[in-house]
Amino acid sequence: MENLNVYAAKLAPQQEFLSSGHRACQGCAELLAARLVAKTLGKDYIIANATGCLEIVTSSFPHTAWEVPWIHVAFENAAAVASGVEAGIKVLKRKGKYPVDRKITVVAQAGDGGTVDIGLQALSGALERGHDMVYICYDNEAYMNTGIQRSSSTPYGATTTTSPAGVADPLGQHTMKKNIVEIAAAHSIPYVATASPSYPFDLMQKIRKAADTPGPAYIHCFVPCPTGWRMAPNLAVSIGRIAVESKVFPLYEIENGEYKMTVTHKNHRPVIDYLKPQGRFRHLNEDNIAEIQRQVDKSYDKLLKKVKMSQEELD
Amino acid sequence: MTKKFNEKAWNEYDLGYMVSDAGCAAEYRTGDWRSQRPQTNKDKCIKCGVCYLVCPEGAIVLAADGTYDFDLEHCKGCGICEVECWTGCISMTEEGE
Amino acid sequence: MGKRVGIEVSLAISEAVKLANVDAVAAYPITPQTHIVEHLSELVAEGELDAAFIPVESEHSAMSVCAGTSAAGARTYTATSSQGLALMNEILFIIPALRLPVVMTIVNRSLSGPISIWNDHSDIMSVRDTGWIAIFAENGQESFDLTLMSFKIAEDHRVLLPISVNLDGFTLSHVIEPHEFLDQEEVDKFLPDYEPLVQLNPDKPVSLGTVGIPEIYTEAKKCIDETLIASEEVVKEVFAEFGEMFGRHYKVVESYRAEGAETLLMTMGSVSETAMEAIDKMRDQDNRSVGLVRLRLWRPFPVKDLRVEVAGAKTLAIIDRAVSPGGTGGPVAGEVRSALYSVEDAPYVASFIAGLGGRDITIDDFISVVDQAEKMAESNEIHQYKMIGVRE
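Protein chains in written order, with the working numbering: chain V, 1 to 315; chain S, 316 to 412; chain R, 413 to 804.
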């Protein structure tokens with residue numbers, strides 16, 4: 001837990017807008033993140049959800065865990081459906097068929113599959129068109145809902161059912177995680193941020209900021225999956241914290257192209273602290289782990305350079 | 316007598332088979348999945364609310380005295396609350412003990 | 413009172429969409445639909461139409477955006493052809509399930525491969541089972557009128573299903589024809605505002621598109637089926653109301669000089685006009701007992717009216733403009749044969765495939781079809797289908 005705001009949990013919005021009774025695995029950080037998003041945005045938001053874990057576990061007919069308007073159409077079009085909802089409400093307000101001063105946040109929710117792979121086109125289109133909406137990608141680093149198959153968001157060295165570590169090919173995922181955060185930022189949208197439910201206040205603040213920023217906002221949310229990552233369910237929040245502390249998933253925001261770290265640590269943990277508790281990395285040897293440390297250090301340094309450049313620009 | 320959801324005729328459902336009872340998933344007792352359950356030593360509880368905030372089920376609820384209680388109808392026994400608790404006053408015990 | 417305008421049919425459709433006071437248009441350009449969306453975009457930019465024009469990045473997103481705008485409560489329109497229709501295929505099945513009354517113009521164009529920008533019905537025939545209402549226009553005036561009527565049919569609370577208006581690419585979309593435009597007042601009297609029953613509204617939060625578990629999936633499909641079947645009544649009502657108000661009468665199955673005809677031709681779309689010329693020639697010059705039946709309503713399939721129109725004929729020669737390779741005939745012929753299967757003394761059905769990929773069907777072709785069909789009926793030839801005009 002962050003050292004600040006120990007008692008601020010009581011100051012968080014108390015009402016739930018995502019109910020219990022959903023069918024997620026025990027210890028699912030994605031549902032935790034979605035619950036925190038729902039708390040932050042309250043009553044006046046509409047969700048366009050892609051097919052995936054979040055959609056399936058919350059909407060098994062005749063039940064719904066959602067206490068806000070919610071629509072699921074297909075797997076790759078959350079951004080497109082959200083664009084439509086946003087444009088529809090905008091034009092209805094303009095034509096006097098909807099109360100003009102009613103602020104409604106339109107949110108697209110999708111997993112890494114529905115964002116970085118099959119959903120990339122729709123995301124790019126929505127961001128380019130500049131719709132006033134928030135796109136939240138819940139990244140558990142594989143196609144979890146269909147049984148832990150790899151996505152282009154699966155990290156280097158992770159074993160999944162379609163990038164398994166075997167005798168002939170012992171690495172697991174060969175490619176590096178696609179940097180969707182940079183892709184989103186390349187659309188020159190006003191607000192991009194990474195977030196984690198292990199840092200709930202950072203997440204909630206970013207959601208609030210994204211919702212209040214006119215135009216498109218993209219939030220990349222890191223959500224550990226105990227089932228898919230092969231680890232104990234009670235570690236879902238702590239492993240997310242270790243990911244930030246070991247520089248694997250830095251928490252930062254890009255506001256109008258200016259980079260800023262939102263959570264920093266004086267000392268970082270070695271990447272092995274992050275890899276060890278997870279069964280999906282168990283096959284890695286010393287060389288692999290050293291390579292991963294090298295990659296993590298390189299990415300983090302690159303990010304720090306951008307943060308420094310932004311600071312200099314703003315001064 | 317309202318029909319159960321799997322007993323209605325095809326034209327007795329809402330338009331587009333939409334679900335208009337917001338949050339009705341709470342009817343479903345996910346607590347029945349549990350193999351371990353949380354318990355709090357309330358003397359050590361500092362009422363920080365961290366457990367409440369990090370429960371993926373939203374199954375930790377504010378009690379009248381400012382501490383927190385567990386909604387056992389929905390708690391899946393994941394144990395995140397035990398790990399995240401600041402004072403270590405939450406402990407998971409085997410279900411059925 | 414409306415004005416008479418000589419204008420390209422595509423643009424007339426855009427004008428109809430404008431008169432319908434549509435709220436949102438999300439479309440991706442594809443030949444030969446482009447003029448429709450270009451003109452709509454122009455109308456919005458010129459301030460003549462107050463709508464959200466969303467220039468999407470693909471047809472799949474076009475239909476997805478339409479799902480969003482319609483679910484928000486906006487009157488929604490789109491247009492596409494061929495490959496675009498194929499690309500949005502998965503979403504097409506979802507729109508009726510969500511009961512969203514999206515109106516779409518399909519400018520019929522041949523499906524690849526090989527790639528062809530020219531006209532046939534393979535695109536509309538490939539989406540038969542999507543649950544959309546589908547109607548066919550034969551000329552510019554019909555395109556204009558049917559577009560206006562589509563909104564009223566789709567948004568009727570007994571229907572709330574999406575609808576496609578089909579017109580032939582290039583041979584109809586790109587020709588300049590005289591149209592009798594209605595004025596805004598008349599249209600406003602005919603077409604009320606859209607009042608959604610399915611809507612995303614924070615004051616009444618609903619979940620749309622939940623998981624169709626096995627316990628209810630069958631019922632959900634039955635619901636779409638029954639609603640689509642029942643929509644035929646609404647189509648007829650709207651046709652009747654339009655006829656009363658504006659003097660142009662439409663039927664779900666149209667006929668031309670079919671009274672007492674021994675041999676009937678059946679067509680859909682703009683080739684019907686050529687077929688009518690062929691019928692005139694055969695009747696007036698050669699005194700042959702021939703007539704034409706045209707299917708205007710394709711889905712829901714107008715079983716009853718079709719049986720009535722073909723009753724008494726000996727031979728029915730159906731022209732299909734799409735082929736189902738390795739199948740039993742053209743899609744229209746297949747459906748008609750099914751519809752007439754249990755009818756006593758049903759006419760002999762001869763199935764012909766013609767006009768693929770923009771190939772013309774001439775008056776002589778129609779005469780040849782009638783000749784062939786009558787011979788086949790005479791000898792009661794067991795026959796699936798023939799492709800006419802192909803070099804062998």
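Just so you know, these hints were derived from the structure itself, not from any lab.
Please note: incorrect hints may appear among the correct ones.
DSBU-like, lysine-lysine: derived pairs with alpha carbons at most 35 Å apart [to be verified]:
#1 S:Lys359 - V:Lys90
#2 R:Lys663 - R:Lys616
#3 V:Lys97 - R:Lys430
#4 V:Lys178 - V:Lys97
#5 V:Lys178 - V:Lys209
#6 V:Lys298 - V:Lys266
#7 V:Lys93 - R:Lys616
#8 V:Lys93 - R:Lys415
#9 R:Lys726 - V:Lys90
#10 R:Lys616 - R:Lys601
#11 V:Lys90 - R:Lys633
#12 R:Lys648 - R:Lys726
#13 R:Lys693 - V:Lys97
Quick list of simulated restraints, FRET-style, between CB atoms [to be verified]:
#14 V:Thr175 - R:Val417: 34 to 42 Å
#15 S:Thr382 - V:Thr175: 47 to 55 Å
#16 R:Phe505 - V:Lys260: 41 to 49 Å
#17 V:Thr175 - S:Thr317: 47 to 55 Å
#18 S:Thr408 - V:Ala186: 44 to 52 Å
#19 V:Lys308 - R:Lys633: 31 to 39 Å
#20 V:Lys308 - R:Leu609: 52 to 60 Å
#21 R:Ala632 - S:Thr317: 37 to 45 Å
On a predicted model such as this, the values are computed, not experimentally measured, just so you know.
Glycine included, each C-beta is placed from N, C-alpha and C at the ideal position.
Hints and how they fare:
For the hint pairing Lys359 (chain S) with Lys90 (chain V), the CA-to-CA distance comes to about 52 Å; that exceeds 35 Å, so the pair is violated. For the given pair, Lys663 (chain R) sits about 40 Å from Lys616 (chain R) by alpha-carbon distance, which is inconsistent with the 35 Å threshold. Annotation: proposed proximity of Lys97 (chain V) to Lys430 (chain R) holds, straight-line Cα distance about 18 Å (limit 35 Å). Taken as a hint, the Lys178 (chain V) and Lys97 (chain V) pair is broken in the structure, with Cα atoms around 42 Å apart against an allowance of 35 Å.
At most 35 Å may separate the alpha-carbon atoms for a hinted pair to count; Lys178 (chain V) and Lys209 (chain V) meet this at roughly 25 Å. Between Lys298 (chain V) and Lys266 (chain V) the CA atoms are separated by roughly 18 Å; this keeps the pair inside 35 Å, and the hint holds. Distance hint between Lys93 (chain V) and Lys616 (chain R) is fulfilled; the C-alpha atoms sit about 18 Å from each other, no more than 35 Å. In summary, the hint linking Lys93 (chain V) to Lys415 (chain R) is supported, as the alpha carbons are separated by about 32 Å, within the 35 Å threshold.
Distance check on the hinted pair: Lys726 (chain R) and Lys90 (chain V) sit about 58 Å apart at the alpha-carbon level, beyond 35 Å; violated. A threshold of 35 Å between alpha carbons decides the hint, and for Lys616 (chain R) with Lys601 (chain R) the separation of about 30 Å falls inside it, so the pair holds. Taken as a hint, the Lys90 (chain V) and Lys633 (chain R) pair is honoured in the structure, with Cα atoms around 33 Å apart against an allowance of 35 Å. A distance of roughly 28 Å separates the Cα atoms of Lys648 (chain R) and Lys726 (chain R); the hinted pair therefore holds under the 35 Å criterion.
Taking the CA atoms of Lys693 (chain R) and Lys97 (chain V), the gap is near 55 Å; set against the 35 Å cutoff, the hint is violated. Remark: the range hint 34 to 42 Å for Thr175 (chain V) to Val417 (chain R) is contradicted by a beta-carbon distance near 59 Å. Judged by the Cβ atoms, the range 47 to 55 Å given for Thr382 (chain S) and Thr175 (chain V) holds: they are separated by roughly 48 Å. The hinted window of 41 to 49 Å between Phe505 (chain R) and Lys260 (chain V) holds, with their beta carbons roughly 45 Å apart.
Hint check: Thr175 (chain V) to Thr317 (chain S), Cβ distance near 53 Å, so the stated range 47 to 55 Å holds. Checked against the given bound of 44 to 52 Å, the beta carbons of Thr408 (chain S) and Ala186 (chain V), roughly 51 Å apart, stay inside it. At roughly 59 Å, the beta carbons of Lys308 (chain V) and Lys633 (chain R) sit outside the given window of 31 to 39 Å. Separation of Lys308 (chain V) from Leu609 (chain R) is about 56 Å and conforms to the stated range, judged on CB atoms against 52 to 60 Å.
Taking 37 to 45 Å as the suggested C-beta distance range, the pair Ala632 (chain R) and Thr317 (chain S) does not conform, at roughly 19 Å.
In terms of the numbered hints stated before, the structure departs from hints 1, 2, 4, 9, 13, 14, 19 and 21, listed from lowest to highest.
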